[in-house]
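**Q** Residues per chain are reported as follows:
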Amino acid sequence: MADTVPAGMVAPTKSGTNQLWRNVKRHKSIYILSSISIIYFAIFKYVPIWNSQIAFRDFQALQGVVGSPWVGLRNFSDFVHSYYFWELIRNTVMYSVGKMIISIPSAIFLAICLYECRINFLRKTVQTLAYLPHFLSWVIMYGIIMALLSPSSGLLNDIIKLFGGQPVSFMTDTNSFPWIVLLSDAWKESGWSAIIFLAALMGIDPSLFEAAMVEGASAWQRVRYITLPSIRPVIVMVFLLRMGTILDAGFNQIFMLYSLPVYSVADIIDTWIYRQGILEFRFGLATAVGLFKGAFGFILLFVSNKLVRKTSGTGLY
Amino acid sequence: MASVIKPSKSDRAFNVFVVASLVLLFIILFIPIWSTITLSFRPNDFIGSALDGMTLPPWRWSVAAFRALLGNNSFVKATINSFRIFFEGIAAALLLTTPLAYALSIKTLPGRKFLYLFVIIPYLFDVGLVPNYLLVTGLGLTNKLAAVYLPGAISVYNTLIMKSFFEGIPEELKESARIDGASEFTVLMRIILPLSKPIMLTIGLYYGVRFWNDFFNAMLYLNDSALQPLPILLRNILLSSGMNEYVEVSAFGEAPIEAIKAASVLLAAIPMLVAYPFIQKYFVKGTMLGSLKG
Numbered sequence: 096m097a098d099t100v101p102a103g104m105v106a107p108t109k110s111g112t113n114q115l116w117r118n119v120k121r122h123k124s125i126y127i128l129s130s131i132s133i134i135y136f137a138i139f140k141y142v143p144i145w146n147s148q149i150a151f152r153d154f155q156a157l158q159g160v161v162g163s164p165w166v167g168l169r170n171f172s173d174f175v176h177s178y179y180f181w182e183l184i185r186n187t188v189m190y191s192v193g194k195m196i197i198s199i200p201s202a203i204f205l206a207i208c209l210y211e212c213r214i215n216f217l218r219k220t221v222q223t224l225a226y227l228p229h230f231l232s233w234v235i236m237y238g239i240i241m242a243l244l245s246p247s248s249g250l251l252n253d254i255i256k257l258f259g260g261q262p263v264s265f266m267t268d269t270n271s272f273p274w275i276v277l278l279s280d281a282w283k284e285s286g287w288s289a290i291i292f293l294a295a296l297m298g299i300d301p302s303l304f305e306a307a308m309v310e311g312a313s314a315w316q317r318v319r320y321i322t323l324p325s326i327r328p329v330i331v332m333v334f335l336l337r338m339g340t341i342l343d344a345g346f347n348q349i350f351m352l353y354s355l356p357v358y359s360v361a362d363i364i365d366t367w368i369y370r371q372g373i374l375e376f377r378f379g380l381a382t383a384v385g386l387f388k389g390a391f392g393f394i395l396l397f398v399s400n401k402l403v404r405k406t407s408g409t410g411l412y
Numbered sequence: 002m003a004s005v006i007k008p009s010k011s012d013r014a015f016n017v018f019v020v021a022s023l024v025l026l027f028i029i030l031f032i033p034i035w036s037t038i039t040l041s042f043r044p045n046d047f048i049g050s051a052l053d054g055m056t057l058p059p060w061r062w063s064v065a066a067f068r069a070l071l072g073n074n075s076f077v078k079a080t081i082n083s084f085r086i087f088f089e090g091i092a093a094a095l096l097l098t099t100p101l102a103y104a105l106s107i108k109t110l111p112g113r114k115f116l117y118l119f120v121i122i123p124y125l126f127d128v129g130l131v132p133n134y135l136l137v138t139g140l141g142l143t144n145k146l147a148a149v150y151l152p153g154a155i156s157v158y159n160t161l162i163m164k165s166f167f168e169g170i171p172e173e174l175k176e177s178a179r180i181d182g183a184s185e186f187t188v189l190m191r192i193i194l195p196l197s198k199p200i201m202l203t204i205g206l207y208y209g210v211r212f213w214n215d216f217f218n219a220m221l222y223l224n225d226s227a228l229q230p231l232p233i234l235l236r237n238i239l240l241s242s243g244m245n246e247y248v249e250v251s252a253f254g255e256a257p258i259e260a261i262k263a264a265s266v267l268l269a270a271i272p273m274l275v276a277y278p279f280i281q282k283y284f285v286k287g288t289m290l291g292s293l294k295g
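Chains B and E, in that order, give the protein sequences. First residue of the first sequence? That's 96 in the working numbering, and the numbers climb one at a time after it. First residue of the second sequence? That's 2 in the working numbering, and the numbers climb one at a time after it.
Calculated directly from the structure, the hints in this document are not laboratory data. Take the hints with a grain of salt, since some may be wrong.
Claimed, not checked - Heads up, simulated BS3-like pairs for lysine-lysine below, C-alpha to C-alpha not over 25 Å straight-line: (1) E:K164 / E:K282; (2) E:K108 / B:K120; (3) E:K282 / E:K198; (4) B:K401 / E:K108; (5) E:K175 / E:K198; (6) E:K164 / B:K123; (7) E:K145 / E:K78; (8) E:K164 / B:K120; (9) E:K114 / B:K405; (10) E:K282 / B:K219; (11) E:K175 / E:K108.
Remember, predicted model here, so these are calculated numbers, not experimental data.
Same shape as in the complex, but just chain B:
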């Protein structure tokens, strides 16, 4: 570092503060440049944290954040004792764990197939098609899903009718709705999640495979005893990182897909917050639930990141 060179020439007693001061001055332009970002950050990230104190208040729009009366933990206890509490927790965890169970293994499977495929054209086509849905919004996904599942003109219902069955309204059926959520997520995101596994596969030392081949291992054995163990650290890391966001069950997706008849199996913490807060104006309650979720999320993220650091040596932050 350049600053260490002239440091020796300064009188030793003053060198500490002097050097710091000079260092600050040297980076003046950096501070000026980033000051706008920092002010932005203070407003858009820290004011909401300040606002979140209304979780402990009975928020009245006219009295504002600071003027509303304190109610202690009443909003929290209202939520925990509400009829919906366990249902919301169950649905949220069900969807995030379900997505993890379906989409991580299918991403691994896809990555291994792409890695092992010798036909370039097929590999490139599937790869391109698999990444694509990640970039489509859930509004667009909803349109695509309706083209498949709509009772009047959907593909699946036309097939059912072809076999003489009655059309099913899948989107408003409490039995099929969770599956639509899980499978549409797998369809949309598996390809994208495969990227990290594909990257890990590319990093495997080819001499391992050569050695296995010389020893007479079959291709199946290669996958079982070399490929999978080699990418195990990445698999563990992805699982742990997903554990850290277990309370995020996918707001945009559920919000687009759900409707009143399926609330009991579709409602997650985030959709409930939206309805209570924005539609019913119960700001205090909705904020309390948001804080509850945020605090849990923080702990989970912290723990999962610690575990990732322990297992793979590098963390998320």
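Since the structure of chain B is provided, determine the placement of chain E on it from the hints.
**A** Chain E in isolation, oriented as in the chain B frame:
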């Protein structure tokens, strides 16, 4: 691997299994897309099942649904709004993210640790919807397009990806410029930024995709129907059944409502499909960088 050893029977079975799996995956991925495409071209006089629709020969396809949408005032207006959000959003996001990421990447910057903590805390602790809603409405952003992109104009995740890119630029490059008397500002403008085009494009597209696809902020903050972007219009079209005020279907009547819905889905997706080759090229790199490097 180029195998010199003659493949055994089980190896051939393995290869067949891999190819068959990929073909199956292709079909699973392709059918929903294909059914949407064919639905959008369905002519008004079409009779038959969706299966017939999917195998309808192209010379019987009708572009009436697309004509109806592209000639529709609210659709054109929504498209313009979406593009404005897309470009304004990317510009704002890059202008705000880059200096922050660069400041975080300078190891000698006094106060860097504090700055890092300042950035990471809101990332780890998400306070949720309502406090943010109060902020955005309190700032008077209601019914301004900026309400869609400004709340997400600095993503901590993107900032960290950009930071690790900046950190990867060899220190010697900056050092030699400094020895020649360049200020930190000159180093940034003359050395760092010219080298950062790929990361700017990647991060810009990251933001762009998110802004283009956003419907929730738009729904929360844009009540004026003249301001609604494509996802909101699309949502209204999709949720409506039959006649509705959003697309004035009755005024056209040349295309079935399902075809109009499917066509609007495709039109809203087209910009992402056009950007996709670039996205794929740079995103995959960026994602690996972001996921494997801390």
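**Q** Confirm or reject each hint.
**A** These are the hints, each one checked on the structure:
Among the hinted pairs, K164 of chain E with K282 of chain E is consistent with the structure: their alpha-carbon atoms are about 20 Å apart, no more than 25 Å. Between K108 of chain E and K120 of chain B the CA atoms are separated by roughly 15 Å; this keeps the pair inside 25 Å, and the hint holds. At most 25 Å may separate the alpha-carbon atoms for a hinted pair to count; K282 of chain E and K198 of chain E meet this at roughly 14 Å. Using a Cα cut-off of 25 Å, the hinted pair K401 of chain B and K108 of chain E holds, with the two alpha carbons roughly 24 Å apart.
Proximity of K175 of chain E to K198 of chain E is assessed by CA-CA distance (about 17 Å); at most 25 Å being required, the pair is judged to hold. Distance hint between K164 of chain E and K123 of chain B is fulfilled; the C-alpha atoms sit about 19 Å from each other, no more than 25 Å. Proximity of K145 of chain E to K78 of chain E is assessed by CA-CA distance (about 15 Å); at most 25 Å being required, the pair is judged to hold. The suggested pairing of K164 of chain E with K120 of chain B holds, with an alpha-carbon distance near 22 Å, which does not exceed 25 Å.
Annotation: proposed proximity of K114 of chain E to K405 of chain B holds, straight-line Cα distance about 22 Å (limit 25 Å). Using a Cα cut-off of 25 Å, the hinted pair K282 of chain E and K219 of chain B holds, with the two alpha carbons roughly 13 Å apart. Simply put, K175 of chain E and K108 of chain E have alpha-carbon atoms about 12 Å apart, close enough for the 25 Å limit, and the pair holds.
Violated hints for the displayed structure: none, as all numbered hints are satisfied.
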